[in-house]
Amino acid sequence: MTSAALRLGAASDGLPAEGRAPGMMTNIVTIAGRELRESVRARWFVLYTVAFAVLGLAISMVSAAATGGSGLASFGRTTAGLINLVLLVVPLMALTAGAGAIASDRERGMLQYLLAQPVSRLEVLLGKYFGLAGALLACICLGLGTCAAVLALKGMGTKPSGVLWLAGLSFLLALSMLSLGILISTLARRASVAVGTSVFAWLTLVFVTDLGLMAGAIALRLRIEQLFALSLANPLQVFKMWSLHAADASLDVLGPAGLYATEEFGNRLHWIFGVCMMAWIVVPLAIGAVVMSRRSPV
Amino acid sequence: MIRMEHVTKRFGPNAAVDDVCIDIARGDSVALWGSNGAGKTTLIRCALGLFAFGGKILVGGHDVLRDGKRARSLIGYVPQELGLYDDLRLSEAVRFFSRLKGLRTPELDAVLGGVGLTGHEHKRIRELSGGMKQRLALAIAMLGDPPVLILDEVTASLDACGRQEFVALLERLSGSGRTMLFASHRLEEVVALATRVVVLASGSVQRSQETGAFAASFGAGTIVHLMIPPAARERAMTGLRAEGFAPTLNGVGVLVPVHAERKAAPFRILAEAGVPVEDFELLRDDRAGLMPSQEKESGR
Amino acid sequence: MKHACTPILIAVCASLCGAVTTPTKHDVPAPPRNVGVFAERGEIGRRIAAAKEGATIEIGPGVYREHIRIDKRVTLIGRPGAVIDGAGSGDIVEIAAAGVTLRGFTVRNTGIDLEQENAAIRVLAADAVIEDNVLDDVLFGIDLRSAPGGVVRGNRIGGKDLDIARRGDGLRLWRSDGALIEHNTLHDGRDAILWYSSGITVRGNRSDNCRYGLHLMFSDDVVIENNALEGNSVGLYLMYSSGVEITGNKFVRNRGPSGYGIGLKEADRFSVRDNLFTGNRVGVYLDGSPFTTKQPGVFTKNILAFNDIGVMFLPSARGNEFFENNFIDNIDQVSVAGRGSLDGNRFWRGERGNFWSDYTGYDRDRDGVGDFVHESRTLFESMTDRNPQMRLFLFSPAQQAIEFIGRALPAVRPEAKFEDEVPLMTPVDIAFSSESSSANGIALGATSVGLLGLGAGVLLGARKEGIS
Numbered sequence: 012m013t014s015a016a017l018r019l020g021a022a023s024d025g026l027p028a029e030g031r032a033p034g035m036m037t038n039i040v041t042i043a044g045r046e047l048r049e050s051v052r053a054r055w056f057v058l059y060t061v062a063f064a065v066l067g068l069a070i071s072m073v074s075a076a077a078t079g080g081s082g083l084a085s086f087g088r089t090t091a092g093l094i095n096l097v098l099l100v101v102p103l104m105a106l107t108a109g110a111g112a113i114a115s116d117r118e119r120g121m122l123q124y125l126l127a128q129p130v131s132r133l134e135v136l137l138g139k140y141f142g143l144a145g146a147l148l149a150c151i152c153l154g155l156g157t158c159a160a161v162l163a164l165k166g167m168g169t170k171p172s173g174v175l176w177l178a179g180l181s182f183l184l185a186l187s188m189l190s191l192g193i194l195i196s197t198l199a200r201r202a203s204v205a206v207g208t209s210v211f212a213w214l215t216l217v218f219v220t221d222l223g224l225m226a227g228a229i230a231l232r233l234r235i236e237q238l239f240a241l242s243l244a245n246p247l248q249v250f251k252m253w254s255l256h257a258a259d260a261s262l263d264v265l266g267p268a269g270l271y272a273t274e275e276f277g278n279r280l281h282w283i284f285g286v287c288m289m290a291w292i293v294v295p296l297a298i299g300a301v302v303m304s305r306r307s308p309v
Numbered sequence: 215m216i217r218m219e220h221v222t223k224r225f226g227p228n229a230a231v232d233d234v235c236i237d238i239a240r241g242d243s244v245a246l247w248g249s250n251g252a253g254k255t256t257l258i259r260c261a262l263g264l265f266a267f268g269g270k271i272l273v274g275g276h277d278v279l280r281d282g283k284r285a286r287s288l289i290g291y292v293p294q295e296l297g298l299y300d301d302l303r304l305s306e307a308v309r310f311f312s313r314l315k316g317l318r319t320p321e322l323d324a325v326l327g328g329v330g331l332t333g334h335e336h337k338r339i340r341e342l343s344g345g346m347k348q349r350l351a352l353a354i355a356m357l358g359d360p361p362v363l364i365l366d367e368v369t370a371s372l373d374a375c376g377r378q379e380f381v382a383l384l385e386r387l388s389g390s391g392r393t394m395l396f397a398s399h400r401l402e403e404v405v406a407l408a409t410r411v412v413v414l415a416s417g418s419v420q421r422s423q424e425t426g427a428f429a430a431s432f433g434a435g436t437i438v439h440l441m442i443p444p445a446a447r448e449r450a451m452t453g454l455r456a457e458g459f460a461p462t463l464n465g466v467g468v469l470v471p472v473h474a475e476r477k478a479a480p481f482r483i484l485a486e487a488g489v490p491v492e493d494f495e496l497l498r499d500d501r502a503g504l505m506p507s508q509e510k511e512s513g514r
Numbered sequence: 002m003k004h005a006c007t008p009i010l011i012a013v014c015a016s017l018c019g020a021v022t023t024p025t026k027h028d029v030p031a032p033p034r035n036v037g038v039f040a041e042r043g044e045i046g047r048r049i050a051a052a053k054e055g056a057t058i059e060i061g062p063g064v065y066r067e068h069i070r071i072d073k074r075v076t077l078i079g080r081p082g083a084v085i086d087g088a089g090s091g092d093i094v095e096i097a098a099a100g101v102t103l104r105g106f107t108v109r110n111t112g113i114d115l116e117q118e119n120a121a122i123r124v125l126a127a128d129a130v131i132e133d134n135v136l137d138d139v140l141f142g143i144d145l146r147s148a149p150g151g152v153v154r155g156n157r158i159g160g161k162d163l164d165i166a167r168r169g170d171g172l173r174l175w176r177s178d179g180a181l182i183e184h185n186t187l188h189d190g191r192d193a194i195l196w197y198s199s200g201i202t203v204r205g206n207r208s209d210n211c212r213y214g215l216h217l218m219f220s221d222d223v224v225i226e227n228n229a230l231e232g233n234s235v236g237l238y239l240m241y242s243s244g245v246e247i248t249g250n251k252f253v254r255n256r257g258p259s260g261y262g263i264g265l266k267e268a269d270r271f272s273v274r275d276n277l278f279t280g281n282r283v284g285v286y287l288d289g290s291p292f293t294t295k296q297p298g299v300f301t302k303n304i305l306a307f308n309d310i311g312v313m314f315l316p317s318a319r320g321n322e323f324f325e326n327n328f329i330d331n332i333d334q335v336s337v338a339g340r341g342s343l344d345g346n347r348f349w350r351g352e353r354g355n356f357w358s359d360y361t362g363y364d365r366d367r368d369g370v371g372d373f374v375h376e377s378r379t380l381f382e383s384m385t386d387r388n389p390q391m392r393l394f395l396f397s398p399a400q401q402a403i404e405f406i407g408r409a410l411p412a413v414r415p416e417a418k419f420e421d422e423v424p425l426m427t428p429v430d431i432a433f434s435s436e437s438s439s440a441n442g443i444a445l446g447a448t449s450v451g452l453l454g455l456g457a458g459v460l461l462g463a464r465k466e467g468i469s
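Chains as they are written, first to last, in my numbering: chain A, 12 to 309; chain B, 215 to 514; chain C, 2 to 469.
To be clear, the hints were calculated from the coordinates, so they are not data collected in a lab. Please read all numbers here as calculations on a predicted model, not as lab measurements. Honestly, I wouldn't trust all of these hints.
[Said to hold, decoys possible] Result set (DSS-like, lysine-lysine): computed pairs, CA atoms no more than 30 Å apart in a straight line:
1) C/Lys295 x C/Lys251
2) A/Lys165 x C/Lys302
3) A/Lys165 x C/Lys251
4) C/Lys73 x C/Lys53
5) C/Lys251 x C/Lys302
6) C/Lys161 x C/Lys251
7) C/Lys302 x A/Lys170
8) B/Lys283 x B/Lys270
9) B/Lys283 x B/Lys347
10) C/Lys53 x A/Lys170
11) B/Lys337 x B/Lys347
[To be verified] Partial pick of chain C residues on the chain A-facing surface, computed with a CB cut under 10 Å:
12) Pro258
13) Ser358
14) Leu393
15) Ala399
Ideal placement from N, C-alpha and C gives every residue a C-beta, glycine not left out.
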């Protein structure tokens with residue numbers, strides 16, 4: 012009995028306990044590592060990664076077959092197909108991952124247990140954010156890496172820089188959607204509500220806003236500069252236009268509005284898209300942090 | 215060590231904790247006593263800085279709201295039920311929380327051995343029984359040897375056997391100069407661990423007294439005096455304690471304070487434990503006391 | 002970027018408008034001439050003055066700051082390092098006698114006067130041979146005026162670093178029939194342009210970063226073969242020209258605001274064969290061509306790949322035949338401006354149609370021809386044909402949604418834009434040196450390995466602690 016107690020006492024490393032809370036960065040890294048490890052073991056991660064890679068593979072194979080191995084390099088259906096795929100899969104993955112992050116922990120009591128440790132709420136939020144971001148990065152790299160491998164093997168002339176841009180921008184898109192998901196997660200009462208809301212947000216961003224904008228543009232006879240400005244409000248559109256701009260240094264493929272953007276802003280488009288994307292990353296996360304600091308974790 | 219000043223916490227119109235002032239000196243062990251909804255858990259969450267509240271709580275001189283991280287670094291906390299990633303291995307869990315507490319990588323054998331979980335470090339949390347989970351939570355709480363231990367009805371979800379083991383474990387930990395605050399509604403835990411009992415009802419402090427006096431007052435109403443052969447008396451004591459009674463020995467047998475409605479319960483327990491009861495008598499207990507069951511259930 | 006683009010747009014629009022309203026052959030004013038600058042002779046000038054008719058004059062290395070007028074039939078050869086520097090004013094070399102050969106010089110630094118059309122080499126007489134010269138920092142490069150039978154071969158012509166609107170033409174022929182233009186390289190100029198010049202062969206030239214890679218105005222019976230026109234505003238533009246054979250050329254990334262690989266405006270009797278069109282805004286642009294209906298415009302064995310629009314028809318374009326071409330992954334394979342129809346054009350000849358990368362049918366009898374008609378009718382494309390600004394939503398899932406609606410609801414299904422009754426199942430074998438070097442493949446492979454490595458690294462890093 013007593014010996015057990017002594018051994019338990021000996022488990023401590025003998026440092027004085029007073030004021031031994033580790034720094035913010037250390038805690039964020041610890042929590043991020045935990046979250047990352049947990050994510051890559053989770054079913055959703057495996058499912059999304061496999062789906063992403065397989066669909067990307069299919070797109071690459073089909074377009075390689077269609078070009079008949081002519082090895083031509085340009086912006087083609089491959090890139091378009093991959094952009095389309097990213098637009099569908101990455102936001103869904105990031106939104107649902109983010110939505111589950113806080114709400115399900117709150118539901119399981121994990122959140123209050125975690126917050127009973129010497130950590131701050133911001134550390135928990137950012138730790139989870141970066142951990143999930145790491146998982147999303149892995150997923151995107153594996154998916155697009157597989158596609159690039161197929162394209163290289165099939166002798167396609169796709170530019171490596173284009174693939175790298177696509178990967179990088181997909182990651183930024185994932186970060187923005189993760190922010191939004193985390194915000195939803197801090198607001199939702201239950202994990203199921205959070206996930207449902209995030210799927211709704213996904214539908215809205217992917218389909219509803221674009222279709223609405225299309226209808227609006229026709230009905231209200233929007234000028235092309237208005238159309239372009241409005242489309243910047245949707246992070247998915249920003250991702251798409253940025254990818255095209257990076258791949259081709261020109262948005263003229265997007266018709267008059269894209270031509271207007273290229274001529275009006277030229278290479279400043281990188282900054283414009285960058286600022287929009289950063290806003291979509293930072294603002295929801297900041298609101299999430301405020302909500303998190305005010306809400307009971309129980 | 216823990217100082218609560220006019221702590222008030224409202225959920226909507228109801229005050230779950232209402233103007234509570236408690237001062238716990240270093241080395242003291244204080245039990246929060248009360249029925250479900252009396253505000254025990256809420257008060258503990260306030261002490262951990264888990265939500266905002268009116269008033270002030272200092273742990274080791276640090277304000278839990280303003281300087282929560284510092285305050286919590288002094289606290290080891292065991293919840294009612296351990297909510298952790300199910301897939302986590304014990305070793306990972308210990309390592310994770312060590313890091314959060316700013317410790318060097320601990321010796322797993324020592325940490326897990328202390329709570330009787332030696333050899334389980336590769337198990338995942340979902341493979342553990344309820345009792346093992348609570349012991350893991352205790353091991354995590356004790357990482358870094360914190361001066362304050364806060365327990366929230368830690369045995370509530372355990373069966374009788376697990377409860378007994380766990381309380382025994384805690385008993386070994388108390389009395390080593392550690393300050394303890396714990397919520398319970400089991401008398402034997404209070405008797406075993408607390409130096410002082412704070413009785414909460416509807417979020418307010420009803421009274422605060424030494425454990426001895428509290429235990430004595432606990433059985434207000436009736437005492438069952440059981441005549442038991444000396445050889446079986448120790449067994450009887452253990453069995454009754456395990457079921458939440460606070461028996462005391464006298465020359466011929468055991469005195470068990472009981473609720474007026476539960477006078478037969480000790481007989482059943484002893485029969486199950488195979489303890490022969492030779493005779494009994496009912497005594498009236500005049501000492502004033504407040505039975506937990508007589509408290510009003512305050513809706514929270 | 003903005004400052005560069007806007008003037009291009011204006012310039013191209015202006016030139017197009019100008020071209021459209023260009024009066025007929027008869028009342029075109031002759032271009033201006035300038036003679037005065039040649040009065041002062043330098044070393045080369047003195048050697049020419051001293052030479053006899055038919056002599057060969059070799060000029061040693063050195064920088065000769067002079068303006069040269071060649072007024073007798075001589076062969077003037079620059080040894081390596083012979084540079085004629087115009088010191089930033091006027092024309093530099095003027096050939097005023099028939100049968101002159103000018104070879105091996107570097108000619109640089111003309112004036113920048115667009116009114117005077119300052120040129121590096123101006124030819125005013127027949128049968129000149131301009132060969133293996135390097136023209137650098139010149140407003141106009143080689144300008145043949147009423148100089149029939151000339152040969153312009155192996156020259157490298159670089160324009161001035163000016164806004165496109167202030168540049169001159171790298172190569173211009175004016176009423177100079179029977180010229181041979183081959184193996185020249187033009188870069189950073191305005192246009193290479195043929196005016197009223199017939200019987201010309203243009204072969205094996207390259208043009209990068211110019212406005213018009215090659216522009217024909219009222220020039221008949223021209224052979225254009227094996228040229229590479231890349232990164233210009235427009236690759237090749239034919240206006241009011243007849244009898245043009247376009248064979249074996251590459252039209253790559255011509256992406257100006259018009260951005261055609263080939264544009265044909267009221268051209269007649271033309272055939273387009275064995276060409277590669279890739280990465281252009283529009284591969285082939287047809288406006289009122291063929292002009293008469295005597296002979297169909299023939300397009301065969303061309304690769305049209307990865308253009309925004311493969312072939313764009315104005316409603317005025319009728320009588321073209323497309324067969325045995327490969328249409329590969331153009332965003333719009335075929336487009337009609339406005340609400341025109343393609344009725345007057347055919348996409349097959351005999352039993353041979355084209356290869357369409359978006360053909361969805363199959364070939365059960367294995368005769369190499371698809372069992373179903375290839376027809377293009379996507380709702381989104383018909384939307385963008387009507388509302389071009391809707392192209393902003395290209396590549397988005399919303400586009401897919403609209404096309405799904407188009408397939409699911411026959412009521413909103415657009416009419417087929419065109420039909421190919423005998424689509425080919427496999428691409429026609431057309432030999433072209435592959436665009437992508439193996440270096441690109443290796444780099445792409447390395448990118449793939451890098452991405453996979455990063456992904457796997459994150460996974461392994463995450464799992465490492467889990468195992469212990």
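Each hint, compared with the structure:
At most 30 Å may separate the alpha-carbon atoms for a hinted pair to count; lysine 295 of chain C and lysine 251 of chain C meet this at roughly 28 Å. At most 30 Å may separate the alpha-carbon atoms for a hinted pair to count; lysine 165 of chain A and lysine 302 of chain C meet this at roughly 23 Å. Simply put, lysine 165 of chain A and lysine 251 of chain C have alpha-carbon atoms about 23 Å apart, close enough for the 30 Å limit, and the pair holds. Between the alpha carbons of lysine 73 of chain C and lysine 53 of chain C the distance comes to roughly 8 Å, so the proposed pair stays at or under 30 Å and holds.
For the suggested pair lysine 251 of chain C and lysine 302 of chain C, the alpha carbons sit about 13 Å apart, so the restraint of at most 30 Å is met. Distance hint between lysine 161 of chain C and lysine 251 of chain C is fulfilled; the C-alpha atoms sit about 25 Å from each other, no more than 30 Å. In summary, the hint linking lysine 302 of chain C to lysine 170 of chain A is supported, as the alpha carbons are separated by about 26 Å, within the 30 Å threshold. With a C-alpha separation of about 16 Å, the suggested pair lysine 283 of chain B and lysine 270 of chain B falls inside the 30 Å cut-off, and the hint holds.
A threshold of 30 Å between alpha carbons decides the hint, and for lysine 283 of chain B with lysine 347 of chain B the separation of about 25 Å falls inside it, so the pair holds. Restraint check: the Cα-Cα separation between lysine 53 of chain C and lysine 170 of chain A comes to about 58 Å, which exceeds 30 Å; the hinted pair is violated. With a C-alpha separation of about 11 Å, the suggested pair lysine 337 of chain B and lysine 347 of chain B falls inside the 30 Å cut-off, and the hint holds. Given the 10 Å rule on beta carbons, the hint for proline 258 of chain C holds: about 7 Å separates it from the nearest Cβ of chain A.
For serine 358 of chain C, the interface hint holds, the least distance from its beta-carbon to any beta-carbon of chain A being 4 Å, beneath 10 Å. Hint on leucine 393 of chain C holds. Least Cβ distance to chain A is approximately 4 Å, under the 10 Å limit. Interface restraint check: alanine 399 of chain C against chain A, minimum CB-CB distance 3 Å, threshold 10 Å, status holds.
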